[in-house]
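Number of protein chains: 2
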Amino acid sequence: MIIVGEKINTSRRSISEAAEKKDAEFILMMAREQAEAGAGFIDVNAGTFLDQEVDRLCWLVETVQGGLDLPLCLDSPNPDALAEAMKRHKGEPMINSISLEPDRYRSLLPVITSRPCRVIALCMAETSMPTTVEERFTVAAELISRLTGEGIPLEKIYVDPLVQPVSVDTNMGLAVLGAIRRIMEAFPGVNTICGLSNISYGLPHRHLINRNFLAVAIASGLNAAILDPTDRQLMATLLSIELLLGRDEYCQNYIEAYENGRLVA
Amino acid sequence: MIIVGEKINTSRRSISEAAEKKDAEFILMMAREQAEAGAGFIDVNAGTFLDQEVDRLCWLVETVQGGLDLPLCLDSPNPDALAEAMKRHKGEPMINSISLEPDRYRSLLPVITSRPCRVIALCMAETSMPTTVEERFTVAAELISRLTGEGIPLEKIYVDPLVQPVSVDTNMGLAVLGAIRRIMEAFPGVNTICGLSNISYGLPHRHLINRNFLAVAIASGLNAAILDPTDRQLMATLLSIELLLGRDEYCQNYIEAYENGRLVA
Numbered sequence: 000m001i002i003v004g005e006k007i008n009t010s011r012r013s014i015s016e017a018a019e020k021k022d023a024e025f026i027l028m029m030a031r032e033q034a035e036a037g038a039g040f041i042d043v044n045a046g047t048f049l050d051q052e053v054d055r056l057c058w059l060v061e062t063v064q065g066g067l068d069l070p071l072c073l074d075s076p077n078p079d080a081l082a083e084a085m086k087r088h089k090g091e092p093m094i095n096s097i098s099l100e101p102d103r104y105r106s107l108l109p110v111i112t113s114r115p116c117r118v119i120a121l122c123m124a125e126t127s128m129p130t131t132v133e134e135r136f137t138v139a140a141e142l143i144s145r146l147t148g149e150g151i152p153l154e155k156i157y158v159d160p161l162v163q164p165v166s167v168d169t170n171m172g173l174a175v176l177g178a179i180r181r182i183m184e185a186f187p188g189v190n191t192i193c194g195l196s197n198i199s200y201g202l203p204h205r206h207l208i209n210r211n212f213l214a215v216a217i218a219s220g221l222n223a224a225i226l227d228p229t230d231r232q233l234m235a236t237l238l239s240i241e242l243l244l245g246r247d248e249y250c251q252n253y254i255e256a257y258e259n260g261r262l263v264a
Numbered sequence: 000m001i002i003v004g005e006k007i008n009t010s011r012r013s014i015s016e017a018a019e020k021k022d023a024e025f026i027l028m029m030a031r032e033q034a035e036a037g038a039g040f041i042d043v044n045a046g047t048f049l050d051q052e053v054d055r056l057c058w059l060v061e062t063v064q065g066g067l068d069l070p071l072c073l074d075s076p077n078p079d080a081l082a083e084a085m086k087r088h089k090g091e092p093m094i095n096s097i098s099l100e101p102d103r104y105r106s107l108l109p110v111i112t113s114r115p116c117r118v119i120a121l122c123m124a125e126t127s128m129p130t131t132v133e134e135r136f137t138v139a140a141e142l143i144s145r146l147t148g149e150g151i152p153l154e155k156i157y158v159d160p161l162v163q164p165v166s167v168d169t170n171m172g173l174a175v176l177g178a179i180r181r182i183m184e185a186f187p188g189v190n191t192i193c194g195l196s197n198i199s200y201g202l203p204h205r206h207l208i209n210r211n212f213l214a215v216a217i218a219s220g221l222n223a224a225i226l227d228p229t230d231r232q233l234m235a236t237l238l239s240i241e242l243l244l245g246r247d248e249y250c251q252n253y254i255e256a257y258e259n260g261r262l263v264a
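Quick mapping for you: the protein sequence lines, in order, are chains A and B.
Taking numbering that gives the first Met the number 0, I'd label the letters of the first sequence as residues 0 to 264.
Taking numbering that gives the first Met the number 0, I'd label the letters of the second sequence as residues 0 to 264.
It should be emphasised that the hints constitute simulated quantities derived from the structure, not laboratory data.
Take the hints with a grain of salt, since some may be wrong.
To be verified - So these bits of chain B aren't anywhere near chain A, every CB distance computed over 10 Å:
(1) R12
(2) M28
(3) G65
(4) G90
(5) F136
(6) N222
(7) T229
Stated by the list, open to error - Per label pair, the in silico range of CB-to-CB distance:
(8) B:T131 to A:V263: 32 to 38 Å
(9) A:R246 to B:G90: 41 to 47 Å
(10) B:Y249 to A:E32: 35 to 41 Å
(11) A:T130 to B:K21: 30 to 36 Å
Unchecked claim - So these bits of chain A aren't anywhere near chain B, every CB distance computed over 12 Å:
(12) S15
(13) D22
(14) F25
(15) R114
(16) E154
No residue lacks a Cβ here, since even glycine has one placed at the ideal position from N, Cα and C.
Given the sequences, and given the hints that come with them, work out the whole structure.
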């Protein structure tokens, strides 16, 4: 399971303040904390800075990689911000995200083909948000076909089926789970990734829904997630599911987490 | 989701003591508590009473149904105990359980065909415990074929894939989940049921594993479970999963549980 730590996002007030005053120590602490908790990538997002986004995103990249040897997930719909951030990034970043929306696709394609990277391909159609499994699969197949046609290996594509709230439409959980299963079966080698929190929008006890959603999404084939790895209940769910799906030899990770006091029951 | 409340089992000390002194009030309280928490069936098991099992099981049946209008799950490998308990049971009981073991099959068949009942069919082969999906499916198919051949409707058969500990073999989770999916796909209308706690045998924080196992088992097609419905974290998992699988219209059950303070996050 590939974990992208989601916390360094300027939509969070503490991150916004740290980016504002360029408090490198705080940002690096947030990055290290996530890495220690199991993140394989650290997401960086400075979207709230609007016309200063390029500057702040580049600063985040240099700050995090200045003290931590981990690839980042460069999170922006802005091609200029991504292009500049990629230049400063050491190693192979993950780009979050391209989609089938014509403007976004056209402007991001040169960026993601400019050097080796992983790319999150959002199941957003040319004209509308997908609702069904079928719609998501159609968009995913088209994106995979185009991106591999541009020379991006299947193994570097992370399809995001686009999670929408069950409070808006109770079929939204099934639609995402079905899409994950279908995409993973149709394109062996591709990855699926998603954020969790949209699923529970508008409902009480959101963390409870989010972590159960993670459980069934992994069982449906999800192999990457954008989440807060310092959420111990969420990580306990993840450890349990990996154990139950036969991916934890000798139950070693589970028992180790227990012995280190990290396993919240 | 059909919930069989597991608590009235004389292997639990408080139940054994109550059955010993025929404390009907205590037994009835345990039954009502489970019914209020969502049980559709109340399991009754007096196995520890050995040569007094028939007497105590019949007493449990009369005691519970004396104060609660709910069908019971009569839980014993002993055909005499089951036959006597069935005579005292009002309505249609669930019988727990028949299997392919020759003696058990032969002696229980007349009992379960003596009057209408639901029957739990344990994936226990003639000679050995199953380990793989394939072995479980083979036993299930044979049991379904035989039982429907005897006139038991498919809808009244509850196949138990036989949960074994992941601590013994890390593939045991996948084997059960795969068997559930395969049985439910191959025999539309049949039910699958299991107990949860064997999965976590020998590991710390068993409840954490048990409830995550319930989550992925339901997502694989499990439609009945033998569990403790008064375990609020377990029931919160169940409510979340039903919500995520599109089975909770307007998120009504989830929100109601929250409003009643029953939803533990």
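Hint check, failures only: Structure breaks hint 11 only.
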